[in-house]
Amino acid sequence: MIQFIHVYKAYSPGYYVLMDLNLHIRKGEFVFLIGPSGVGKTTFLKLIYREELPTKGEILVSGFNVRVLPNHRLPLLRRKIGIVFQDFKLLPYLSVFDNIALVLQILGYPYTYIKQRVCELSEQLDLKEKLKTKVSNLSTGEKQRVAIARALAHQPPLLLADEPTSNLDAKRSIQTIDLFKELNKLGSTVIVATHNRDLANFVPSARMLEIGKGKIKAKIS
Amino acid sequence: MLSFWWKKVWQNIIHTLWSQIACFLPTTLALSTFGLFILIGINFNLYLKHWQRKIPIIAFFQNEPLTEKARTTLITKSEIAQIDYISSQDAFQRLKTWLKGKELLLEGLDKNPLLPSLEIYLKPAFYKLDFINHLVQELKGLPGVAEVVYPSYLFFLVTTGWRFLKLVFLLIGVFLSLATVFIIANLIRLHLQKRREEIKIMRLLGASEGFIQVPFYIEGLWQGVICTGASILLLKGFFTWINEQTKTLQIPFTIEFFDLYQILLFIGFGLLLGLIGSFLGLKK
Chain A
1 MIQFIHVYKA
11 YSPGYYVLMD
21 LNLHIRKGEF
31 VFLIGPSGVG
41 KTTFLKLIYR
51 EELPTKGEIL
61 VSGFNVRVLP
71 NHRLPLLRRK
81 IGIVFQDFKL
91 LPYLSVFDNI
101 ALVLQILGYP
111 YTYIKQRVCE
121 LSEQLDLKEK
131 LKTKVSNLST
141 GEKQRVAIAR
151 ALAHQPPLLL
161 ADEPTSNLDA
171 KRSIQTIDLF
181 KELNKLGSTV
191 IVATHNRDLA
201 NFVPSARMLE
211 IGKGKIKAKI
221 S
Chain B
1 MLSFWWKKVW
11 QNIIHTLWSQ
21 IACFLPTTLA
31 LSTFGLFILI
41 GINFNLYLKH
51 WQRKIPIIAF
61 FQNEPLTEKA
71 RTTLITKSEI
81 AQIDYISSQD
91 AFQRLKTWLK
101 GKELLLEGLD
111 KNPLLPSLEI
121 YLKPAFYKLD
131 FINHLVQELK
141 GLPGVAEVVY
151 PSYLFFLVTT
161 GWRFLKLVFL
171 LIGVFLSLAT
181 VFIIANLIRL
191 HLQKRREEIK
201 IMRLLGASEG
211 FIQVPFYIEG
221 LWQGVICTGA
231 SILLLKGFFT
241 WINEQTKTLQ
251 IPFTIEFFDL
261 YQILLFIGFG
271 LLLGLIGSFL
281 GLKK
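From first to last, the protein sequence lines stand for chains A and B. Going by my numbering, the first residue of the first sequence is number 1, and it counts up by one from there. Going by my numbering, the first residue of the second sequence is number 1, and it counts up by one from there.
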C-alpha cells in the first residue's frame with residue numbers, strides 16, 4: 001500500500017526532517033505514528049498525499065510513484081485518501097453539510113447518496129443539529145469532528161489523520177478511534193499521527209511507529 | 001454536481017458582491033456602447049436601402065417610343081423590380097407640381113420640352129455600382145435612348161462611406177469586446193486570488209482542475225449574460241426615449257431596435273465574451 005524507499009526530506013539544505021526513511025505499510029494495517037510535536041509526523045503524511053515532495057528517495061502509494069506523479073494524475077491519488085488535517089482545512093463560509101458533502105461531490109456521487117451519507121456521519125459524530133450551521137460559527141472541537149466526517153465520507157482505502165483527537169474530550173476521542181476502526185475493518189489502511197500514546201491503547205492490533213530526530217526509530221508491538 | 005456548481009457560483013457572487021458590481025458597471029457600459037454602434041449600423045443600413053430603392057435609373061428617349069424588342073429586353077431582366085413609363089405630358093405635369101406658385105417660370109414655353117422616360121427600379125440585392133454601371137451602358141445602347149441618368153457618384157460616395165463606417169464600427173466593436181474580455185478575465189483572476197486557500201483545499205481533497213474551474217466559467221458566462229441583458233435594457237430605454245423625441249419634434253422617421261433574433265445573438269455574444277474572459281482569467 002505505502003512504501004518509503006530511502007526517503008529524505010529537507011525544507012532547507014542540510015536540515016533534514018526525515019532521513020533515509022525505509023518503511024512498508026501493508027493494505028488494511030492500522031498504524032499509529034507517535035512522536036512529539038515538530039519531529040516530522042505531518043511531513044510524513046504530507047509526503048504520502050504529495051503536498052510535499054521528497055528531497056530524495058521514492059514513495060509508492062497505492063501503485064502511484066508519488067515523486068514522479070504528473071499533476072494531472074494527482075487527483076486520482078488523492079481521491080483514494082481521506083485526510084484529517086491538523087488545521088482541519090474546512091471551508092469556513094460553507095455549512096457543515098456542504099463541507100462534508102464536498103468530497104463526495106468531487107467524486108461525483110449522486111445527491112441522494114450524499115445526503116444519506118452526510119446524515120449518517122453527522123449522527124455518528126454528533127453533528128446532526130449543526131448540519132446547517134456555517135463552519136465559521138463552530139467550536140474548535142466541532143470543527144475537528146467535521147474534518148473527521150469529511151475524511152470518512154467516501155470510505156477511502158487510505159485514511160491519514162493528523163492529530164485527529166487533539167481538540168476532543170476523552171469520550172469523543174474514543175468514538176473517533178472507533179470510527180477509524182470500523183473503516184479499518186472494511187479493509188482500509190489507517191495511519192494516525194499523534195503525540196498521545198494512550199490513544200494507541202484503544203487499538204491493540206495497531207502497529208506503532210515512533211518518529212524522532214528525522215527517523216522512524218522504533219517499532220513497538 | 002450541477003446544483004453544487006450553481007451553489008458555488010451563487011456563494012462566489014454573494015462573497016464577492018463589490019467586485020461583481022465593479023465588474024458589472026464597466027462591462028455593461030462597454031457592451032452598451034458596442035450595442036449602440038451596432039444599432040446605428042442597423043439603422044443606417046436600413047435607411048441606405050430605403051434611399052436606394054427610391055432612386056430610379058432614368059432613361060430618356062428621343063420622342064420615338066421604345067421598340068418592342070427593347071421593351072422585352074428590359075421587362076425580362078430578373079434584376080429589375082419595376083419599370084414606370086413617364087410620358088412627356090406626365091413629366092410636364094410633375095414639373096408643374098414642383099413649380100407650384102412659380103408658374104411664371106414656365107411662361108413662354110411654346111411646346112413641352114421634356115422627353116418621355118422610363119424609371120427603372122432594381123431589386124434591393126442588385127443595387128451595386130458595377131451592376132448599375134453595366135445596366136446604364138446597356139440602356140444607352142438601346143435604340144432611341146437619348147440619355148441615361150443615375151446619381152452614380154453619390155451612390156459611390158454613400159456606399160464607400162458606409163463601407164468605411166462599417167470598418168470603423170468593427171474596430172470599435174473589437175476594441176470594446178477586448179475591453180469586456182479583459183474586465184471579466186481580471187474579475188476571475190481576482191476571485192481566484194481571493195479563493196486560493198479554498199482551491200488548495202479542494203485540490204487536497206482530490207478535485208480535478210476541471211471541477212475547480214467550472215464555477216469560474218459559469219461565473220464568466222453569468223457576467224456576460226447579465227451585462228448583455230443590462231445593456232439591452234439600457235439601450236431599449238434610450239431608443240424609446242429617442243423615438244419619443246422624434247415624434248414630439250415631428251421628425252418623419254423611427255429608429256429600429258434589435259429584433260428577437262438579434263437580441264438572442266447579442267446575448268450569445270455576451271456569453272462568448274464571458275467564456276473567453278473566464279478562459280483567459282483561468283489560463284495561469
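No wet-lab data here; the hints were simulated from the structure. Where hints are given, some of them may not hold.
Chain A residues, not near chain B, derived (Cβ > 10 Å throughout) [stated by the list, open to error]: (1) Ala10; (2) Leu53; (3) Arg197.
Result set (DSSO-like, lysine-lysine): computed pairs, CA atoms no more than 30 Å apart in a straight line [to be verified]: (4) Lys247(B) x Lys166(B); (5) Lys7(B) x Lys130(A); (6) Lys56(A) x Lys200(B); (7) Lys247(B) x Lys89(A); (8) Lys46(A) x Lys194(B); (9) Lys236(B) x Lys143(A); (10) Lys166(B) x Lys132(A); (11) Lys27(A) x Lys123(B).
Computed from the model, here is a short list of chain B residues facing chain A with C-beta under 10 Å [stated by the list, open to error]: (12) Gln11; (13) Ile14; (14) His15; (15) Asn112; (16) Pro113; (17) Leu192; (18) Arg196; (19) Glu197; (20) Leu204.
C-beta: ideal position from N, C-alpha, C; glycine also.
Verification of the supplied hints:
Look at Ala10(A): its CB is around 22 Å from the nearest CB on chain B, clear of 10 Å, so calling it non-interface holds up. Every CB of chain B lies more than 10 Å from the CB of Leu53(A), the least distance being 15 Å, so the non-interface label holds. Arg197(A), annotated as away from the interface, keeps every beta carbon of chain B farther than 10 Å; the closest lies near 28 Å. For the hint pairing Lys247(B) with Lys166(B), the CA-to-CA distance comes to about 28 Å; that is within 30 Å, so the pair holds.
Under the criterion of a C-alpha separation no larger than 30 Å, the hint pairing Lys7(B) with Lys130(A) is consistent with the structure, at around 19 Å. Restraint check for Lys56(A) and Lys200(B): the C-alpha separation of about 25 Å stays at or below 30 Å, so the hint holds. About 65 Å separates the Cα atoms of Lys247(B) and Lys89(A), which puts this hinted pair outside 30 Å; it is violated. Only pairs whose Cα atoms come within 30 Å are accepted, and Lys46(A) paired with Lys194(B) is accepted, the gap being roughly 24 Å.
The hinted pair formed by Lys236(B) and Lys143(A) fails the criterion: a straight-line CA distance of about 52 Å is larger than 30 Å. Taking the CA atoms of Lys166(B) and Lys132(A), the gap is about 56 Å. The hint is violated against a cut of 30 Å. The straight-line distance between the Cα atoms of Lys27(A) and Lys123(B) is roughly 82 Å, outside the 30 Å bound, and the hint therefore fails. Proximity of Gln11(B) to chain A holds as hinted, the smallest CB-CB distance being about 7 Å (cut-off 10 Å).
For Ile14(B), the interface hint holds, the least distance from its beta-carbon to any beta-carbon of chain A being 9 Å, beneath 10 Å. Proximity of His15(B) to chain A holds as hinted, the smallest CB-CB distance being about 6 Å (cut-off 10 Å). For the restraint placing Asn112(B) at the interface with chain A, the shortest Cβ-Cβ distance is roughly 89 Å, beyond the 10 Å limit, so the hint is violated. Given hint, Pro113(B) at the interface with chain A, is violated; its Cβ is 88 Å from that chain's nearest Cβ, farther than 10 Å.
A least Cβ separation of about 15 Å between Leu192(B) and chain A goes past the 10 Å threshold, and the interface hint is therefore violated. The interface hint given for Arg196(B) is broken, as the beta carbon of that residue sits about 13 Å from the closest beta carbon of chain A, more than 10 Å. Nearest Cβ of chain A to the Cβ of Glu197(B): about 9 Å, under the 10 Å cut. The hint holds. Hint status for Leu204(B): holds, given a least beta-carbon distance of 7 Å to chain A, under 10 Å.
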